[in-house]
Amino acid sequence: MTAVLEVRDLRTEFNTRAGVIRAVDDVSFTLKRGEILGLVGESGSGKSVTGFSLLGLVDPPGRITGGSIRLNGTELVGLPQSELRARRGKEIAMIFQDPIATLNPLLTIRKQMMMALEAHQHMTTKAAETRCIEVLQRVGIPDPAARIKAYPHEFSGGMRQRVAIAIALLHDPAVIVADEPTTALDVSIQAQILHEMRSLAAETGTAMIWISHDLATVSSLAKRLLVMYAGKVVEEGATGTVLRDPRHPYTRGLITSLPAIAKPGEDLLQIPGTTPSFLSLPPGCPFAPRCESAEASCDKMPETAQSDERMWRCHYPLGLSGPDPRGAQQ
Amino acid sequence: MTAFFRIDRVSRAFAPEITLGDRIAAKLGARVETRSLQAVNAVTLELAKGETLGLVGESGCGKSTLGRVAAGILPPSSGTVALDGKPVLLNGRKATTRIQTVFQDPFASLDPRMKVGETVAEGPVAHGLVSQAKAGEYVSEWFARVGLDPAFAGRYPHQFSGGQRQRIAIARALAMKPDLLICDEPVASLDVSIQAQILNLFLHLRRELNLTCLFISHDLSVVRHVSDRMAVMYLGRVVEQGETAQLFETPAHPYTRALLASVPKLTLDDEAIVHFEPIEGEIPSPLSPPPGCHFSPRCAFVQERCRREAPELREVQERRFAACHFSESLIEQGSSDFKGFDR
Amino acid sequence: MSEQQSPFRRFWSEFQENRFAVLALIVVVVMALLAFFAPHVVPQNPYDLENLSLLDARRPPGFVGSGGYSHLLGTDPQGRDLLSAILYGLRISILIGLAAGVVALALGTTVGIAAAYVGGRLESVLMRIVDLQLSFPAILLALVLVALLGQGKGQLITALVAAQYAYFARTAYGAAKGERRKDYIEAALATPLSGRQVAFRHLLPNCLPPLIVVATVQIANAISLEATLSFLGLGLPVTEPSLGMLISNGFPYMMSGRYWISVYPGIALIILIVAINMVGDQIRDQFNPRLRK
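Protein chains in written order, with the working numbering: chain A, 1 to 330; chain B, 1 to 343; chain C, 1 to 293.
Isolated chain A (complex conformation) (with noise of 0.2 angstroms):
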């Protein structure tokens, strides 16, 4: 299968009073048509701000300044504002974790698909309404061609949550950007709409990049993982793989952090200390200060090491005999 977007050693940067912060840091990865692919992390891991840097709406002090993204082949790092929002909604499309940020509460959910559609092509109003209500039936809105015609607070957070993803829809585009769009969700009305993204992703050919910092969600949604901290990816497989054999000390530490796994009333098997900020960072790997295995030479940064359609980055990373050979002769 062909990838619709590839990402080379994307970095973003955001000069503030205090420094320089490098929020995300040569981050790859390949995306096929259709597959739905978990990008996970903690606050402050860089995962969001990767989201919006791949639909170019980092805004000033931050600023993409290395790496490349292609959509369907098309370079967009260095495009001007004008193209990338051309392309921004019809090939590549941006789902929030608080969908009241991206509808206008003045106007009608109808005015705002139509303008939404208008904005890229050119249609009749009879074939562009009828456009708007498939989608909405699509993302599963009861009698859609009736709600169509209601305001944002008119309808629950779920079902506002739905009509973001059925305006994301509106194009097909060839990606949908999900940056926590269940957080703020029930788990009842959460467990609706991850299963009706995965039946959109399997019949539209829609690949969808889930930002979560929720491991059980991702793993039930994702087949591949991107595991980031503080703004690389320390980690990428197929999900089940690195659940349950993680490489990475991290990734250990974030599994075995959830209650789900323990025995009830025991002890957690916690990782030490907090997320390190952006502008003190440690020299070398930046988890070795809250890393059990670290050791001297964790204080270089770890080359990416991959092997079996896995890849990680760490001088001694879990699961393997021995200290990595790679990080051993730094």
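Incorrect hints may appear among the rest.
Computed list of chain B residues with no C-beta within reach of chain A, every gap over 10 angstroms [said to hold, decoys possible]:
1) P75
2) S78
3) P178
4) P264
5) L266
Pairs of lysine to aspartate or glutamate, DMTMM-like flavour, derived with a Cα cap of 20 angstroms [stated by the list, open to error]:
6) A/K32 x A/D179
7) A/K263 x B/E243
8) B/K265 x A/D143
9) B/K265 x A/E75
10) A/K223 x B/E243
11) A/K263 x B/E249
12) B/K115 x C/E186
To be clear, the hints were calculated from the coordinates, so they are not data collected in a lab.
We put the CB at the ideal spot given by N, CA and C, even for glycine.
Starting from the structure of chain A, add chains B and C where the hints point.
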């Protein structure tokens, strides 16, 4: 024998405030909301000494309102709350220091203009648990117990991370030497790795201090981890109550069952297609709950009787309560599939 | 984590970044100091009638009068040295503005926080009175009160407080109403702490930022309101002219070429008020979370 902590038939309604403007608008034909919202409806809960009761439910189910009533912050519309047989409220004001609360958002629950050491010392000094002269020492002791450097006592909340703030909030609550701790979603706003640290701290302190806890959370796996017994709320009512392990194994209410099935599980098989069994429909507005059983419009097992007759919460097994006409057959059907995985 | 840093220190370091605001603050401080130490700075006590000679009246800037010194800004119709009169007038203006501002702040804050914290009937009654008062111009109320109470500093301050406390009450009420709902107030009530402790130790300090902003603006307003009243002849006695009265005194001579009698006090008044407002603007920007970097 009376329970150590008892919430007895507590209801809490919120009436909309009708202003003069609203009245004029209503006269002119506008729709003005006059129905009151029944957030909590005749809930009875008991906690034995040293026990942790998990209270779960989705947004709008009334669990936080119930928590605030239990904590003595909000007076109930009817019903009583008593600790050790003594009512928590006297003349509408909280009359005990033996119940303390840890709130969800550690960014909002600490006074931004007060040094954190003062925040922790304030209550104990005001109630004579420690003298002003010894307050510094006392604060240091509590900082150390919750895993914070006592030297941080002179800092302001904005200088701490979310996890550290929640430790401070826990220290503030425990420095009052409570017998009952009410935790309202204490880890919901924290990152996974920090959540694990706070849960561990909570479990240790609970053991050390023999605390009784009411632990409110929307996260079933967290509740499963910390609580001995749990209660499930839906639209202001407790629909099921029982031992945590048992409740996860054989839910006796269709809502509990559906809720357990909705929780995404950690999937370890690369090829597995996770089967979602979402509950149909949305949570109805508490302003106009459906007739009969409140869950009937969404229930997979609904019968004609459910729409007519609201089921009472009844003992369906020993120490096991459920508000469903058909709990027995549900229990017979057996286990839910809520498991994480055991390493 | 940064070293221990009190909110005030943080505030000051951010304040310093706006050079105009720092400049304005320096202007305000210098004017206040000059006004305060006026008796030691200026050549003449303009309130001492024995020093005044009508021969020196309405002289242009630079005139060397009977006192043997040069009147840098000229003299007024009573023969006062204008520089001395301006600084003395500034002293009265600042004094009255500050006094009125502080008393109005205390009164308004008490009313606003009490209404927000206690709620119920007290809230409705207090806030309706405040709303009523905000609905007509402050100067009208001040005029009526001065007319009723008569002249004098105390009366003037009373009138200004009555005209201005409502702004503070509104601001304090709005801030307290917002803070009241926050978890840290709930946490204090859940401890439980007494109502007095919650109101004074938690609610009040967190309502201060918007009040400080309103206070700076209202002190400037009080000064200009006092000047207006004096200009209209309702302020202080003629023997102790404030800036407004100095302007008023020079007004008849404006068109006869003796511009300095009105213009110099006017400039002093404008500089003071603009400077106070610039400081207030910067404080407001710093307290506004949306403009925060």
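Index of numbered hints that the structure contradicts, given in increasing order
4, 5, 8, 9, 10
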